[in-house]
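Going line by line, the protein sequences match chains B and D. Position 63, counted from 1, in the first sequence is what this note's numbering calls 63; the numbers after and before it change by one each time, with no gaps. Position 98, counted from 1, in the second sequence is what this note's numbering calls 98; the numbers after and before it change by one each time, with no gaps.
For the record, the hints were derived by calculation from the structure and aren't laboratory data. Note that the structure is predicted; figures quoted are calculated from it, not measured. A portion of the hints provided could be inaccurate.
Since the list gives no way to pick out one identical chain from another, each pair is judged satisfied if it fits inside one copy or across any two copies.
Unchecked claim - Straight line, CA to CA, 25 Å or less: simulated DSS-like cross-link-like pairs of lysine-lysine:
1. LYS136 to LYS152
2. LYS28 to LYS104
3. LYS243 to LYS136
4. LYS136 to LYS28
Protein chains: 2
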Amino acid sequence: MSQPSRCVVIFSRVNGLPVEVRPILIHKGETRSPAYLALNPLGKVPLLEDTAAAASSSSSGPGPAGPAGGSSCLRLPESAAIMGYLADRFPGQVAEHWYPRADKVHRARVEAALHWYQGNIRAGAAKLSFHKVVAKRLGVPSDERVAADALKTLQLALAALQDVWLGGGARRFMTGDRPCAADLLACCELEQLRMLRAAEHGLDMEVILAPYPQVLAWQQRVRDATAPHYAAAHRVLLAAVAKAPPAGGAGGGGGAAQSKL
Amino acid sequence: MSQPSRCVVIFSRVNGLPVEVRPILIHKGETRSPAYLALNPLGKVPLLEDTAAAASSSSSGPGPAGPAGGSSCLRLPESAAIMGYLADRFPGQVAEHWYPRADKVHRARVEAALHWYQGNIRAGAAKLSFHKVVAKRLGVPSDERVAADALKTLQLALAALQDVWLGGGARRFMTGDRPCAADLLACCELEQLRMLRAAEHGLDMEVILAPYPQVLAWQQRVRDATAPHYAAAHRVLLAAVAKAPPAGGAGGGGGAAQSKL
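Required output: the full structure, derived from the provided sequences and hints.
Now the structure itself:
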């Protein structure tokens with residue numbers, strides 16, 4: 001159900017990486033369990049464990065230090081950093097366009113796109129989803145005015161995605177002709193907006209994205225470029241969307257009609 | 001006045017990079033001028049122009065494409081990506097600990113810290129500053145409830161910075177014994193909270209950071225590690241803080257007392 005986790009899973013599958021996926025169920029409190037917090041004290045997903053990471057690193061954290069002498073098990077949070085690490089860790093397998101190694105200008109552009117995603121697409125979409133859907137499910141306070149501010153942030157981000165990053169349609173993906181890590185991360189984030197239909201009639205991914213046809217076209221290109229792994233990773237989300245009753249009741253289209261990729 | 005711009009300036013100065021600084025005055029609308037938008041259609045600072053970037057990159061954007069045949073002038077937004085690019089561009093000058101190149105595990109940890117900063121420290125602090133200070137100055141709508149939500153985000157981030165990234169005080173900087181790009185970026189972001197005193201009595205960087213003594217100690221370590229460039233880059237902010245009348249009027253300490261680094 002986690003959008004950045006799906007992204008890392010798809011990235012790993014598309015590039016054929018030997019990554020084993022272990023689901024952590026947020027809604028069952030598993031990100032807050034003592035066992036998980038011992039691995040990732042930030043209490044967030046995804047987390048990459050590399051049990052055979054280079055033991056020579058002079059860095060540490062976050063989280064508890066390894067045994068004296070330095071552990072060779074890396075525990076890395078943050079989806080974007082995980083993808084960059086996997087690209088460096090499996091240089092023979094991760095295609096350059098996903099996260100460039102040799103072309104430093106391209107790498108910088110991918111990283112700019114990733115950071116821009118964090119402060120714009122993610123800042124808007126995740127905050128909107130939290131205050132419209134997640135908070136209510138977790139029984140924590142939510143605020144409609146914060147949700148409205150997040151929607152505004154998201155709409156500005158979608159306009160910039162369409163007009164600037166995609167060059168109004170002149171650029172197929174955010175940094176060139178082939179998809180990169182930022183395309184995938186942004187795309188997975190936007191799919192999560194499907195859950196909004198359970199919170200408010202007339203608010204849905206389709207409704208929010210409709211004014212941005214180049215974003216819709218790009219979204220389909222990302223799905224196509226990562227098939228069949230994209231659909232596989234979104235199966236749980238789509239099932240949840242299909243199960244959730246649409247808010248308001250006046251909506252004609254059922255879950256099934258809305259949950260196709 | 002821009003916190004990520006200050007960060008890039010300090011990063012460049014500390015590492016002795018041949019970076020020429022050109023101020024863009026946000027409050028005079030310069031980030032929205034046609035001339036600036038032609039360089040960076042995102043309308044944000046900082047922007048790095050590298051007029052001698054490798055011309056062989058297969059990537060493009062954001063922004064207008066160069067002349068046919070490919071331009072060798074790179075225009076790169078996003079402070080974190082700029083620092084990563086500068087580290088790759090000037091490998092003989094940027095110290096490894098600031099943005100590692102050889103140690104891929106350390107590089108991944110620095111990038112995790114940078115992305116975490118975006119979604120937590122930045123998401124809280126910049127949103128708070130915007131709704132408390134910036135929006136009022138620009139004459140655009142602000143919302144106290146959005147500011148309250150941002151303050152909560154920031155407080156959770158400061159707790160995680162202290163307890164997880166700094167290991168409750170066991171770790172000197174976010175990824176080890178020496179400062180990295182994320183330490184500097186987060187530190188510059190937090191300084192901006194000084195402007196809050198003009199918006200609301202009792203709300204200030206000192207007040208917000210007081211419950212997190214390990215964050216305060218780390219902040220001082222970052223300043224010390226980057227002296228005298230840190231203070232030089234913050235001169236404009238501190239002058240603005242000193243000039244802005246404290247809100248409420250009941251506050252005893254004047255601007256001068258509060259604007260020491």
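Now the hints, each set against the structure:
no.	hint	in the structure
1	LYS136 to LYS152	both (21 Å within a copy, 18 Å between copies)
2	LYS28 to LYS104	neither (42 Å within a copy, 34 Å between copies)
3	LYS243 to LYS136	within (16 Å within a copy, 44 Å between copies)
4	LYS136 to LYS28	within (15 Å within a copy, 42 Å between copies)
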